[in-house]
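Modelling step: build the complete structure from the supplied sequences, incorporating the hints.
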Amino acid sequence: MNKGKYYPLFVAIGIFLVLFIFGKFAQGMWEPVALIMFYVAVGEAFNVFLGFTGYVNFGYVVFMGLGSYGMALVVSSSSMAGLGPWILIPGFLFAAIMAGILAAGVGAIALRLRGAYFAIATIGVNQGVKFFIEGAKIWGGSEGIIISKPLKVALGPHLANAVTTFWADFLVFMIAILAAVITIVFLHTRLGYGLIALREDEDAARVMGVNTTKYKNIAFLVSSILAALVGATAWCLKTTYVFPDDVFALSYTVDAIVIVMMGGTGTLLGPVVGGLIYGILKYWLGILLPGFQLLILAPFIIIIIILFPEGIVGVLKKRVRGKKLEKFIA
Amino acid sequence: MSLLELKGVTKRFGGLVAVDHVDLVINEGERLGIVGTNGSGKTTLYNLISGVYTCDEGSILLEGLDITNMPAYKRAHLGLARSFQIPRPFGQITVRENVAIGALFGTLIGEIGEDEALEIGEYYLEKVGLYPKRNEIANALTPIEKKLMEVARALSMKPRLVLLDEAMAGMNPKDIDRIVEIINKIHEEEKISIVSMVEHIMRAVVNFAERVVVMNQGKKIADAPTQEALNDQKVIDVYLGRFALEEQNA
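Sequences listed follow chains H and B, in order. For the first sequence, numbering that gives the first Met the number 0 assigns the number 329 to the last residue and increments by one with no breaks. For the second sequence, numbering that gives the first Met the number 0 assigns the number 249 to the last residue and increments by one with no breaks.
Everything labelled a hint here was simulated from the structure, so no lab data went into it. Glycine residues also receive a C-beta, built at the ideal position from the N, C-alpha and C atoms. Take the hints with a grain of salt, since some may be wrong.
[What the hints assert, rightly or not] Below, in silico cross-link-like pairs of lysine-lysine (DSS-like), each with a Cα-Cα straight-line distance of 30 Å or less:
#	chain 1	residue 1	chain 2	residue 2
1	H	Lys4	B	Lys157
2	H	Lys213	B	Lys73
3	B	Lys126	H	Lys4
4	H	Lys136	H	Lys151
[As the list claims (entries may be wrong)] Sample of chain H residues with no beta-carbon within 12 Å of chain B, all distances over it, derived:
#	residue
5	Val10
6	Met28
7	Pro84
8	Gln292
Laid out in structure tokens, this is it:
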């Protein structure tokens, strides 16, 4: 086996490590680093589906939202309070299961549609789930779930505080690494080749032996579960509340699309670079020009996408082809 | 021994009968040419064999196994490979990766990993003369190179039967000779059945096919060894045209 294939993974983990150290030891930098890492993780999770299949899942945020609900439901259920910190394990598990069930159902139906029709169907799913929760008044309805109290009961006040200020963000780093590992495995196995083939030409891929339906559904499921894990930690554990208006906001899907397109679809380092740039810009513009950040960010993104239609890493990959650096970039 | 057998295969699009009760046997290791004018049902026939369409009537047997309703991807695993009339490369990835996808999903599916697939890919790129271009993005190839890449991609599936769809269309005589030579050489080395479909390039048919099937308006009107089929009165009437005959007689 050729070990060089996995070099890009080490590059990604190296970037995470630098970010982590910077955030941990530079005064007041942990929160911005956590924000950047959130965007990186969301981008990577989204890329597993968009990057490999070319399908745009506009309702992506529904899986992040359901993930945070999954965690909130477990933490706030009194029957699990005795687990202590271990409560987070069933929390993540339940988040993954909830997103997984929805993804399996939506995938089975919506993945029969192509292009814009698929995108529209997925927006419908997000809005449908949100209005169902609010309308049927389940899981707290439009008031959501507040877990600050049960979290303190389960973990003790000291640890609960550490979770919201540090461990929730730390787990985002872990999920980003998990997503990066999944991406590199996809890139070098039959599954990934099949997905890329169907992204490029679905009919030709089928005739060549790719079970396109199965492959699309696998990518959709994996990407959705990763989203749920991000939602469970970055939203539920960090903020200790889940409001339907916050966790089903479509703007997060737009963030994810921009990050992946800017960085380079279907590449490992694309969402990392995209998430870094997007997160840093959003943070600094928010400080320098509060209220105007989108006014500057939007044209900037348009320029980047026009200059680098294949994304920054996509262009970089082309430039280094045949050079020594090649094996570090994927 | 017959490898593929079509029995009374029919496909309708609304009121149009694109393929009309076609019986066809393709033998193991055979070089078969399918000729017919534009709209005679050749491509539909290919689509039925490879599973892009399903038959309205009739059945298709691969070595006695009924594959009439089998999805396209499973047929590929059993050894059916094809190229497309208009090349359909996986445009954004390299030529080598394109061909490796054939190896990963052909009859060797599940048996080989990425590294072996890439090796198989390089082997067939060498055969069709595209090895120097292996690291280029597929979209950057010329149309002829794309066709050759499709041939390599089909071969890397280690198929039993390759269906080539107008592999020589739009080429000059020199390129046609070259591609026929490549295909004949591959046929000799790989011992697979090759069916090639052409609209009107007799030069290719005569140099390639041992047997020719002539299609007209969805029906098979001739099925015989090459020279015999091309001299068939019916074929001359509907396909080559009476004028050709008169010219010959004059």
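Practice problem: Decide, holds or violated, for the assertion that all CB atoms of chain B are farther than 12 Å from the CB of H/Met28. | Solution: Given a closest Cβ separation of 38 Å, the condition holds.
Practice problem: Please work out if B/Lys126 and H/Lys4 have their alpha carbons no farther apart than 30 Å. | Solution: holds, 27 Å
Exercise. Would you mind confirming whether the straight-line C-alpha gap from H/Lys4 to B/Lys157 stays at or under 30 Å?
Key: holds, 26 Å
Self-check item: Restraint status (C-alpha distance of H/Lys136 to H/Lys151 at most 30 Å)
Solution: At roughly 25 Å apart (the allowed maximum being 30 Å), H/Lys151 and H/Lys136 satisfy the hint.
Quiz item: Is H/Lys213 within 30 Å of B/Lys73, Cα to Cα?
Solution: holds, 13 Å
Quiz item: Beyond 12 Å from every Cβ of chain B: is that where the Cβ of H/Gln292 lies?
Solution: holds, 33 Å
Practice problem: Evaluate the condition: distance from the CB of H/Pro84 to the nearest CB of chain B exceeds 12 Å. | Solution: Since the minimum Cβ distance to chain B is about 40 Å, H/Pro84 lies beyond 12 Å and the statement holds.
Quiz item: Does the claim that H/Val10 lies outside the interface with chain B hold up, using a Cβ gap greater than 12 Å?
Solution: holds, 20 Å
In summary, the structure agrees with every hint in the numbered list given earlier.
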